[in-house]
Amino acid sequence: MPQFFSNKRLILLLVGVIFLVALISFTLRDRDHASLPEQIIKDVVGFGQSIFSKPTQYITGVFDNVDSLLNTYEENKRLKSRLEEFAKLQADVNDLASENTRLREIVDKKDDLRDYEPIQATVIARNPDQWEEKVILDRGTVHGVKKNMAVITAQGLIGKIKLTTPLTSTVELLSTQDPNYRVSAMVAGQNEVFGLIEGYDEKRKELILKRIDSNIKIEKGQKIMSSGLGGIFPKGLLIGEITEVTTDDFGLTKLAYVKPAAEFALLDHVMIAKRSMVTIDGTDGEDSTTKEEDES
Amino acid sequence: MNRLIIPSIAVVLFYLEPVFGLFSPLDIGGEYRFLIPRFLIMYLIFISIYYSRNRAMLYALLFGLLYDVFFIDIIGLYSFLYPLMCLIASFIVKYIHQHLIVTTIMSLILIAGLEFVLYYFFSFIGLRDMSLQIFVRERLIPTMIANSIFLVVLGWAFKYVINARMLQRLNQPN
Chain A
1 MPQFFSNKRL
11 ILLLVGVIFL
21 VALISFTLRD
31 RDHASLPEQI
41 IKDVVGFGQS
51 IFSKPTQYIT
61 GVFDNVDSLL
71 NTYEENKRLK
81 SRLEEFAKLQ
91 ADVNDLASEN
101 TRLREIVDKK
111 DDLRDYEPIQ
121 ATVIARNPDQ
131 WEEKVILDRG
141 TVHGVKKNMA
151 VITAQGLIGK
161 IKLTTPLTST
171 VELLSTQDPN
181 YRVSAMVAGQ
191 NEVFGLIEGY
201 DEKRKELILK
211 RIDSNIKIEK
221 GQKIMSSGLG
231 GIFPKGLLIG
241 EITEVTTDDF
251 GLTKLAYVKP
261 AAEFALLDHV
271 MIAKRSMVTI
281 DGTDGEDSTT
291 KEEDES
Chain B
1 MNRLIIPSIA
11 VVLFYLEPVF
21 GLFSPLDIGG
31 EYRFLIPRFL
41 IMYLIFISIY
51 YSRNRAMLYA
61 LLFGLLYDVF
71 FIDIIGLYSF
81 LYPLMCLIAS
91 FIVKYIHQHL
101 IVTTIMSLIL
111 IAGLEFVLYY
121 FFSFIGLRDM
131 SLQIFVRERL
141 IPTMIANSIF
151 LVVLGWAFKY
161 VINARMLQRL
171 NQPN
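Sequence lines, in order, name chains A and B.
1 is the number of the first residue of the first sequence in my numbering; add one for each residue after it.
1 is the number of the first residue of the second sequence in my numbering; add one for each residue after it.
No lab work stands behind these hints, which were simulated from the structure alone.
Yeah, the Cβ is synthetic: ideal placement off N, Cα and C, and Gly gets one too.
Be aware that one or more of the hints could be misleading.
As the list claims (entries may be wrong) - Chain B stretches covered by chain A per the calculated footprint, using a threshold of three residues with CB under 8 Å from any CB of chain A:
#, stretch
1, 10-20
2, 23-31
3, 73-82
So that you can see chain A by itself, here it is in the shape it has in the complex:
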């Protein structure tokens, strides 16, 4: 192929490769904001994308409806058997909620870590090459979305916002392999036990809850919720259920495998949880020392 290696082309190719490698390494760094041209491209492409994905979701919605219609009889039977139980539970919850507000009034405490405003959003695209676990939503900074906010479905927590532009936002799902991805969580129970969700076991399809005090007993089947102590997530978003408890590599703390409550496949409508209480700048559960280093 003599014409391919003519001098001019070779130089052009080399310069191009060097330029691209430089661009890759520049954009690989953990950036806080998308640059202006990126934001413009993302918003324009995102607009086109929502035109394409909304009809698709309508069609899949129709199929889902037909599917649930076919299961109606079975489901109805099962639900009826639980109805009685539910009424009792409802009464209990009402009772507890009113008692809670009364007690709050007595101690004059208005803010609650649990309060959040949901921002409804639609998934307009999933990263098609799926090397990173990302989805793109049709809500951005103009709708009040900020970086690191929690993203939930009706079942539970699915991820957090990684990047925002005025009209779109990118969500990194909990099933990511990113080693810097952490969510501060707690084991719900008589006394709350805190830990960090760190990592995802791809073989088991389960999250890993680390750094649990080894003196505290936790059991299989207990529910894991977000603790709200990371500064951005509201408290009490369901993450999943413990399936196995072991000790970690060093034998100092406990480690639990958590089966996520939400499905990560076939996402369509999600909610972004905007915490009502003051949020703290930073990532949820990020190591504070690295943050300080970044700022200094």
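On the provided structure of chain A, position chain B as indicated by the hints.
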């Protein structure tokens, strides 16, 4: 036929990819199978073979850049790989017969090559830690099956549209 037909098909395919991406991963027998749509690059390879190499590389650069910015957030990955695929395709095609079946197979081989390059890239930068065996079983094979179905169904249409446009351009040089 309008001169915008070729780029507008590319735009439609660009937007269709993530829509198909919404259905993946498929849960088959307790294991996830990733079907990665590669419609656009297959179309661009066809343009590069049947229409014009330079035009194909221009589109590849443009759509690769959009892909990088919108989905990957690593600029320079697809905007390098897409034109490279078109370039390789245009070189190989000089040595083979331009029959539809041959070009279809060649496009699929190039897609497999692209998947391998991406696998090594993401392993290298440490975003994914996946063994080669799992990669082949969970990603490569389902992806190849899905994309070959797509290309078998629509490959002739691509060729037809591109050839029609080519003829039109030859008839009225301006």
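To see whether the hints hold, each was checked on the structure:
| no. | hint | in the structure |
| --- | --- | --- |
| 1 | 10-20 | holds (count 7) |
| 2 | 23-31 | holds (count 5) |
| 3 | 73-82 | holds (count 7) |
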